[in-house]
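Colleague: Sequence:
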Amino acid sequence: KLYEEKRERYKFRDGRKGARDYRQFIFYSPQYRKYIAIVSFSDIDKWEETDLDMVRRTGLYNYQATVLAYANTIQWNDAKYGTKKQPMPIFVIKSTYLYNNREKIEYLTYHNIEKVSPEATRQYVEQYLAHFPA
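Heads up: the sequence shown runs through residues 18 to 151, numbered per the working numbering.
Since the hints were made in silico from the structure, they are not lab data.
Check before you lean on any hint, since a few could be wrong.
As the list claims (entries may be wrong) - DSBU-like, lysine-lysine: derived pairs with alpha carbons at most 35 Å apart:
1) Lys51 - Lys23
2) Lys111 - Lys63
3) Lys111 - Lys132
4) Lys63 - Lys97
All values derive from a computational prediction rather than experimental measurement.
Assemble the whole structure, with the sequences as input and the hints as a guide.
Modeller: What follows is the structure, given as structure tokens:
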């Protein structure tokens, strides 16, 4: 299998709507010789009632998308990150190609699904640091 998906429900505030899914899309990168986890959270990046992150996970990432992403350089250079047990967390900002650079993403019809908004990325990082510090 080329990837593994993990999901964990967590509570970020009290109340009926105070829980979300913490999601990881984990894969091994031969280029960097690390296990990498695309980190995101449910119900943050939405268009109307659609969770755009779920659409990315069930579509783009399954097609071996090439991504531009943020990574913490301290974690990147720390040997404890990048293992199967502790994959390197990254935050995707844009997908550019599919099928390991064989097909360029020219136009996707579903609400610019190849891009993660700066606001959603900021919220992903905030949630990660507040609830899942390593």
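Colleague: Now, for every hint given, state plainly whether the structure supports it.
Modeller: To see whether the hints hold, each was checked on the structure:
no.	hint	in the structure
1	Lys51 - Lys23	17 Å, holds
2	Lys111 - Lys63	16 Å, holds
3	Lys111 - Lys132	4 Å, holds
4	Lys63 - Lys97	33 Å, holds
In the structure shown, no violation is registered for any of the earlier numbered hints.
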